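Trainee: Take the sequences, apply the hints, and build the full model.
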Amino acid sequence: MRRAALCFGLAFLWLPVLLLVGYAFSAARLPFTWGGFSLRWFGALLANERLVEATLLSLRVATGAASLAVLLGGGIGWVLARHGRFRGRALFGALAAAPLVLPEVVTGLSLLLLAVAVQTLTEGWPQRGAGTVLIAHALLAGSYVAVLVQARLASLDPALEEAARDLGATPAAVFRTITLPLVAPALAAGWLLGFTLSLDDVVVASFVSGPAGTTLPIAVFSMLRLGLTPEVNALAALLLLTAAICMGGAAILLRPRVVAPKAEG
Amino acid sequence: MIGRALLWLVLTFGVATPLALVAAIALGEAAEGIPPVRFPWNGGAATDSLVLIATDPFYVGALLSSLEVAALTAAACVALAFPMALGIVRARPGPRIWLLAAVMLPFWTGFLPRMGAWIGLFRDSGWINGVLVEFGLPAQQMLYTDAAMLVGMVHAYLPFAVLPLFGVLLRLDPRLEEAAADLGAGPVARLVTVVLPQAAPGIAAAFLLVFIPAAGEYVIPELLGPPSATLVGRVVVQEFFQNRDWPVAAALSLGLLVVLLPPLWLYQRLGTQG
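Taken in sequence, the protein lines are chains A and B. So that you can map any letter, position 38 of the first sequence is 38 in the UniProt record's numbering, and since no number is skipped, the others follow by simple counting. So that you can map any letter, position 105 of the second sequence is 105 in the UniProt record's numbering, and since no number is skipped, the others follow by simple counting.
I should point out that these hints are in silico values taken from the structure, not numbers from a laboratory. These numbers come from a predicted model, not from an experiment. A few of these clues could be false.
To be verified - Quick list of simulated restraints, FRET-style, between CB atoms:
| hint | chain 1 | residue 1 | chain 2 | residue 2 | range |
| --- | --- | --- | --- | --- | --- |
| 1 | A | L91 | B | V192 | 13 to 23 Å |
| 2 | B | A23 | A | F8 | 22 to 32 Å |
| 3 | B | Q140 | A | F12 | 16 to 26 Å |
| 4 | B | L264 | A | F86 | 20 to 30 Å |
Beta carbons are placed, not taken as given, at the ideal position from N, Cα and C, and that holds for glycine.
Mentor: Put into structure tokens, the structure is as follows:
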């Protein structure tokens, strides 16, 4: 029964993805009709300047947003884990967690209103575009990074840092040689999460971007609305391949640690 | 200390101020200009938009049908995710990590291409209809129906439900079930009297983790649903971009937040207990 459910669930998750990838190699003009093996849609994808441009823009925005989010979320996670009960901690925590639970349309609308308000005050700056999308994504992803970093810091053995201090390390040296390397996996995971989040977000990006900020999801969304083109299949196949390589690598790296905890409970 | 002050500034500017602006705009009245709002202190009507979204059948209906769709999605996700999570937990540790990866991987392949795949499956000249016609059955109109929308929602949110259930089920002590078995309880009795009660907080968390984001969903209804599926997310975008009625869009956003407060509070409580 649960095996049947597991098979059904996995098929439900995977069937559309596999069909999508399979038909990316079809020569037919209509998506999801088989017309013999061909790589023509990958060629068409590369020749589609709008999509290539949007992809490059999205990669830049995602890189910048993820990096900024690691700084922001790292700081927030640090304050929440290490600053004890300072005044306003509950509010600080609530503000940091709000982007995690707010509906996308509300986040998008609120950040657009912020951009408009700033534009009104400064008479025109910042222009809505890739820059505003980057900032919006960094704020959003920063909340996810904060959760990861806070959890990681809370789970660290305080004895490690104490030992370093007892041996005469300065606070800066303790941070650099003990704390930072131990938190690094959370920062790396947060960066990847932020990158993916930015590369996948349509709603917030549509709100805060102007005509100059067409990211890949915005371009794909408008293609899907007009009717699916086979280029989207090819694009999805490429995305899946990238994700599979990343996941496979992560699974191999994490494997011994994931299998280990048996004595729990 | 300086760092914390800076973070306060970022959070105030980047999170609190935008939400305050939504509340402020909701108190305005649509007008010509940039921004297209007249505020009460400039003679605009203060509560028209809020009254409108709380009383007009169209907006109330949008809120209610969003909650209904979110509840259906969450229930379907939990119903499917529970046996899946149980299957993954009961698998040997070796395959377990790969099964978990198999649940998560589609999640990382890009949400829009997956919705594109469902369009390809459901469309009139699509794959499912191709199979139906092959077997001599009549082709169906499937794309742009409520059913297609729900299938897309469940597909998109299923991993959200599997993960918390996996976490809860993994921590269960197998000896409790063994004890029940020794005392003569069959598989169904063990599931109902031993596993389900212990997993209840996880089930609630999984439901809420799907329900809360699903209530504001915009993209899936837009791509797979019928035009008649006027859910909150869609109406907010329409009011804002097509009708340029910023106050109503902002008021509706506030309305969505208000109806999501109880489930959010509940989720928070589950989190602090677990």
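Trainee: Next, verify each hint and record whether it holds.
Mentor: Now the hints, each set against the structure:
1. Remark: the range hint 13 to 23 Å for A/L91 to B/V192 is contradicted by a beta-carbon distance near 43 Å.
2. Checking the proposed 22 to 32 Å range against B/A23 and A/F8 shows it is violated: the Cβ atoms sit about 45 Å from each other.
3. A C-beta distance of roughly 19 Å is found between B/Q140 and A/F12, which places it inside the suggested range of 16 to 26 Å.
4. Checked against the hint of 20 to 30 Å, the C-beta distance between B/L264 and A/F86 comes to roughly 24 Å, which is consistent with it.
Violated hints for the displayed structure, listed by number in ascending order: 1 and 2.
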